[in-house]
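Engineer: Listed below, chain by chain, are the residues.
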Amino acid sequence: MTLDITNLRIAYPHGRTDKPAVESFSLSVGANERVAIVGESGSGKSTVANAIMGLLPGKANVSGSIKLDGTELIGLPTREWYKVRGAQIGYVPQDPMLSLNEVWTIGYHFRETISTHHLVSREDGRDAWRKLAADRLREVGLNDAERVLKQYPHQLSGGMRQRVLIALALLARPKLIIADEPTSALDVVVQKQILDLLEDLTDRLGSSLILITHDLGLVADRCTRVSVLYRGDQVETGSIDEVIRAPKQAYTKHLLEAVPKLSAIRDRKFADFTDAEKVLEIRHLYKEYPLKQSGWFFNRHGASILQASNDVNLTVRSGECRALVGESGSGKSTIAKIVMGLEKPTRGDVIIQGRNRWDIRGQELDEQAHHIQIVFQDPYASLDPQFTVQRTLLEPFAVHHRQWSADERYERILHLLELVGLDEDLLGRYPDELSGGQRQRVAIARALALEPEILVLDEAVSALDVIVRAQILETLRDLRERLGLSMLFITHDLAVVAEIADSVSVINHGRIVESGAVSDVFLNPQDDYTKELLASVPGRAAF
Amino acid sequence: MARYILSRLAQAVVVIFVATLLLYALAYAMPGDPVAALAGENQTLDAATRAAIAAKYNLDKPFLVQYALYLGRVFHGDLGTTFAGRPVTEVIATAFPVTARLAIIAIVIETVIGVLVGLVAGRRKGSGFDSVVMTVTMILLGIPSFVLAFAVQYFFGVKLRWMKPTVSEFATWGELVVPALVLAVGSIAFLIRFTRSGVVDALNSDHVKAARARGIHEWRIGLAHVLRNVLIPIVTVIGTEFGGLLGGAIITESVFNIPGFGQQVYQHIIRGETAPTVSLVSVLVIIFVTVNLLVDLLYAVLNPKVRYGAHE
Numbered sequence: 034m035t036l037d038i039t040n041l042r043i044a045y046p047h048g049r050t051d052k053p054a055v056e057s058f059s060l061s062v063g064a065n066e067r068v069a070i071v072g073e074s075g076s077g078k079s080t081v082a083n084a085i086m087g088l089l090p091g092k093a094n095v096s097g098s099i100k101l102d103g104t105e106l107i108g109l110p111t112r113e114w115y116k117v118r119g120a121q122i123g124y125v126p127q128d129p130m131l132s133l134n135e136v137w138t139i140g141y142h143f144r145e146t147i148s149t150h151h152l153v154s155r156e157d158g159r160d161a162w163r164k165l166a167a168d169r170l171r172e173v174g175l176n177d178a179e180r181v182l183k184q185y186p187h188q189l190s191g192g193m194r195q196r197v198l199i200a201l202a203l204l205a206r207p208k209l210i211i212a213d214e215p216t217s218a219l220d221v222v223v224q225k226q227i228l229d230l231l232e233d234l235t236d237r238l239g240s241s242l243i244l245i246t247h248d249l250g251l252v253a254d255r256c257t258r259v260s261v262l263y264r265g266d267q268v269e270t271g272s273i274d275e276v277i278r279a280p281k282q283a284y285t286k287h288l289l290e291a292v293p294k295l296s297a298i299r300d301r302k303f304a305d306f307t308d309a310e311k312v313l314e315i316r317h318l319y320k321e322y323p324l325k326q327s328g329w330f331f332n333r334h335g336a337s338i339l340q341a342s343n344d345v346n347l348t349v350r351s352g353e354c355r356a357l358v359g360e361s362g363s364g365k366s367t368i369a370k371i372v373m374g375l376e377k378p379t380r381g382d383v384i385i386q387g388r389n390r391w392d393i394r395g396q397e398l399d400e401q402a403h404h405i406q407i408v409f410q411d412p413y414a415s416l417d418p419q420f421t422v423q424r425t426l427l428e429p430f431a432v433h434h435r436q437w438s439a440d441e442r443y444e445r446i447l448h449l450l451e452l453v454g455l456d457e458d459l460l461g462r463y464p465d466e467l468s469g470g471q472r473q474r475v476a477i478a479r480a481l482a483l484e485p486e487i488l489v490l491d492e493a494v495s496a497l498d499v500i501v502r503a504q505i506l507e508t509l510r511d512l513r514e515r516l517g518l519s520m521l522f523i524t525h526d527l528a529v530v531a532e533i534a535d536s537v538s539v540i541n542h543g544r545i546v547e548s549g550a551v552s553d554v555f556l557n558p559q560d561d562y563t564k565e566l567l568a569s570v571p572g573r574a575a576f
Numbered sequence: 212m213a214r215y216i217l218s219r220l221a222q223a224v225v226v227i228f229v230a231t232l233l234l235y236a237l238a239y240a241m242p243g244d245p246v247a248a249l250a251g252e253n254q255t256l257d258a259a260t261r262a263a264i265a266a267k268y269n270l271d272k273p274f275l276v277q278y279a280l281y282l283g284r285v286f287h288g289d290l291g292t293t294f295a296g297r298p299v300t301e302v303i304a305t306a307f308p309v310t311a312r313l314a315i316i317a318i319v320i321e322t323v324i325g326v327l328v329g330l331v332a333g334r335r336k337g338s339g340f341d342s343v344v345m346t347v348t349m350i351l352l353g354i355p356s357f358v359l360a361f362a363v364q365y366f367f368g369v370k371l372r373w374m375k376p377t378v379s380e381f382a383t384w385g386e387l388v389v390p391a392l393v394l395a396v397g398s399i400a401f402l403i404r405f406t407r408s409g410v411v412d413a414l415n416s417d418h419v420k421a422a423r424a425r426g427i428h429e430w431r432i433g434l435a436h437v438l439r440n441v442l443i444p445i446v447t448v449i450g451t452e453f454g455g456l457l458g459g460a461i462i463t464e465s466v467f468n469i470p471g472f473g474q475q476v477y478q479h480i481i482r483g484e485t486a487p488t489v490s491l492v493s494v495l496v497i498i499f500v501t502v503n504l505l506v507d508l509l510y511a512v513l514n515p516k517v518r519y520g521a522h523e
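Which chain is which? The protein sequence lines are X and P, in order.
If you read the first sequence in our numbering, its first letter stands for residue 34, the second for the next number, and so on.
If you read the second sequence in our numbering, its first letter stands for residue 212, the second for the next number, and so on.
The shape of chain P in the complex, shown without the other chains:
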């Protein structure tokens, strides 16, 4: 087990390095002149100033050298500064807790609703409840999240006035519930369907039949032999869906004007601030990799075949 954890950790470190390298390469390959962008619009620079700026930001060096220098600064805790002169670390420090709140609410809602509804629908396969769930989830999967975000904002925020259309600058837990729900809708629908089919398969499995034949009570079968087994793939799905959640946060945060990470990334991208964008997205990569690392560990805890190695 210790070996498994260490090997997963080592893999995670490699993935993070490769991801930042790719991000840096993408930013490097982006069209446009970073020096001109730095100087702002309608500015013409003379060659000497250009060279000075390029040298200052290491823009005159080869790509790999730039990347190495960037990494060196990162290891010293310097993630660069935005055009507005704010250190990127400070941007992260203020935006991160907001997005963390949003993501935590979204994940909790997703897991609770997804697993519960999926479990009940799977147990009552073919019932009216099951049909409704299947139809509704199909519709929800078909709606793009920005459409849903605008629709919710307009109907509940503007028309019915049940909520404020946008979130305050503090982005409290309470204010974030509706945006989190909107953010998680796709994942919820997917998780419901995923859980349902897992439950249906498990209920038809030989080991459940054997347990029933031993006289094990139906509620115990539901918990110990169905839900417990289905949890293994569910954990993996939640980890993968988390990536989608981070991507979706960029849209949701913009619509509801949430001062979070996604919005910062979005704004830095449209302003063409490459270095801060790379730093911010790298943080997202690290979060995603960390979450999936946790998922892998949880997977091993849940699945004895991983813990003890399948002998074949």
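So here's chain X without its partners, still in its complex pose:
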């Protein structure tokens, strides 16, 4: 199999700018080769993938050439595409939660694909498809294949669904697999398993793999060659060793520097906080959720219990950045909600500035807002789309500093903008007129409006592209220095922890399994789960 892309140009007639989505893109992929296309969102990397599969919207103007084993794919008639998609090119999508049709069983997905590509013949019998599907599910590590075939997508976890999607992509044994950010919606440990599986299967079947991602760390130890895209332009292309060791272009260097690395702990200086005052203390915290069960008229509560927090102890000292690390479902966001007073613990104490959060009532609750504030993961969801930046930033003062004059308030928000590195002329904009990074800066500025001593960051950089993430981390470091902020930094990403945190607590199934200084825990992990998390960080070998 060879894929030859030469001078690919993709433009949309009424795009925001006259600049084409992709320009002068060339790439060739040989048999059994793994190639990465790397870029930030908006770089055009997914557009290239869609062009290879003929899935661009009809209005796109495409020129240049995409040849698969000598056949020109650009301008291929619809009828011919059915013989390419799924048969010669397999596709592993980004979000396994959305990429299976939830009204059909997993079995239906297989049956449909098997009959489309005539993978079993009539003579094999009526249930031949089932046998083939079960075999392929076992191939991707779903050993309970017969059961999975009868299940609906919502009954499977994200990792299992991505395995199903990989099995579907490989069903007709295509010679080329395109995986578009196949793991960005998954947890670290699952991420590694899925990438290992993709690597292993394509190797065994002799298929080539195009891995599309924003994270150079992810592809560093897996691909042979890489193509770097920036705003539709191919900035650099070459073997992965060359590009990582000796990047020629400034953008590539920039991208490489931005990748958070575990090795950062070796170059960092750690301050000692052992004698600093405790600003936040969580003591023997338990949170149980009664699971609902449907009853005759109302759902019955308490039939069974989900233990979201199980004897959690955690301390943040003045000026310290404490990381709380765990996968989704580990209970880390439950702790954020309890600390913020958005949920009540079943048992246990949350002590902020020497007082128990749950002993404070009435007027005094307002004062809590001056002690502790939160920044959420998705700034698009946490900012009101109907509010301009100015209105968002002014809102806290309408509640807490009513005696302030309009001038005083405006002066204060100018200061906030300066703190988070935003321009004054953004004040009139709405959230959807801002970039992802700008939005998160606005969310941070809002959290700082009341000058809290503690900032809770709940996966606050997880939804951001590598470069933007690095910039926001820089801003957070700067804020710590200037304002002496203490932070509870909640994340699933250990490399980010290595870059910013002083101490770390690892949480698994609602229980803190390991806790200590970042350098101690990362260099000498004691708990098996911590070891597994550390082993799953992408790009360990390369950086």
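Simulated from the structure, these hints should not be mistaken for laboratory data.
With the C-beta cut set under 10 angstroms, the calculated list includes, among others, these residues of chain P facing chain X: (1) His-418; (2) Ala-421; (3) Ala-422; (4) Arg-425; (5) Gly-426; (6) Ile-427; (7) Arg-431; (8) Asn-440; (9) Ile-443.
Only pairs whose alpha carbons sit at most 30 angstroms apart, straight line, appear in this in silico BS3-like list of lysine-lysine: (10) X:Lys-164 / P:Lys-516; (11) X:Lys-52 / X:Lys-92; (12) X:Lys-100 / X:Lys-116; (13) X:Lys-164 / X:Lys-225; (14) X:Lys-208 / X:Lys-100; (15) P:Lys-336 / X:Lys-92; (16) X:Lys-183 / X:Lys-225; (17) X:Lys-208 / X:Lys-92; (18) X:Lys-225 / X:Lys-564; (19) X:Lys-225 / X:Lys-286; (20) P:Lys-516 / X:Lys-183; (21) X:Lys-116 / P:Lys-336; (22) X:Lys-183 / X:Lys-208; (23) X:Lys-564 / X:Lys-370; (24) P:Lys-336 / X:Lys-52; (25) P:Lys-516 / X:Lys-370; (26) X:Lys-281 / X:Lys-52; (27) X:Lys-370 / X:Lys-311.
Don't be surprised by glycine CBs; every beta carbon is placed ideally from N, CA and C.
We have chain X; now place chain P onto it with these hints.
Structural biologist: Same frame as chain X, now just chain P:
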């Protein structure tokens, strides 16, 4: 699944009870003297006769007692009598089949046109067909149904003489097609737009992209991955719109002089016959609740997340 059905049934029974109680309370709170209304205009009654009539119809008892006695009679199959002396059960028996015909035609037209046109418009988003559909449905949504009913009656019935302006006392299937169309117009326009936007969303969804990338044929995507998914919310909308259809039937039946349920309700309301009105409207409530019960069950059949419970 059995549990789901039973719990929905139990809920439906409660809703019907509460609805009849509210209807009875509304009728009770209506201004006017039921005894005087019963006696007719220009009649003055002496106190003894008044008391006798009030006692006969339990009008001298507290509201909740009246309601309980009413329910007791209902359980024995006695829905009361009209001022004309006709048992309400008989009124229902003659009027119901007519309205049932009207509603069935309206629902069928609504579903077929709504889903088909919506599907095609959604698939060809931005095309000329789509623009025409969007404009026409917008206009139709803006026309009140009684205006449309009178307009259709005047142009097609009186001016062009393509149809009889009113319906015969038998109200046959054929005669009811035009009134049913008029009745369903608002729902059709709404359903077209609803289906269209559902189809547009589904076509842009990740699972459709994944299916296309697997080489699944476009017609199959249209049926198995777009229409099949959009059907789930469509079924709910049809159930909700059914309530509007029942309300609209009161107007449509009056305009086209259809001897159906809506017309009976209308006439009993303007004559101030409270007990028969409550009984008739209660029947409408029961029909509406039953239809929505069926919709809920159909919803579960269509949506595996309901059938198997979303584990979260």
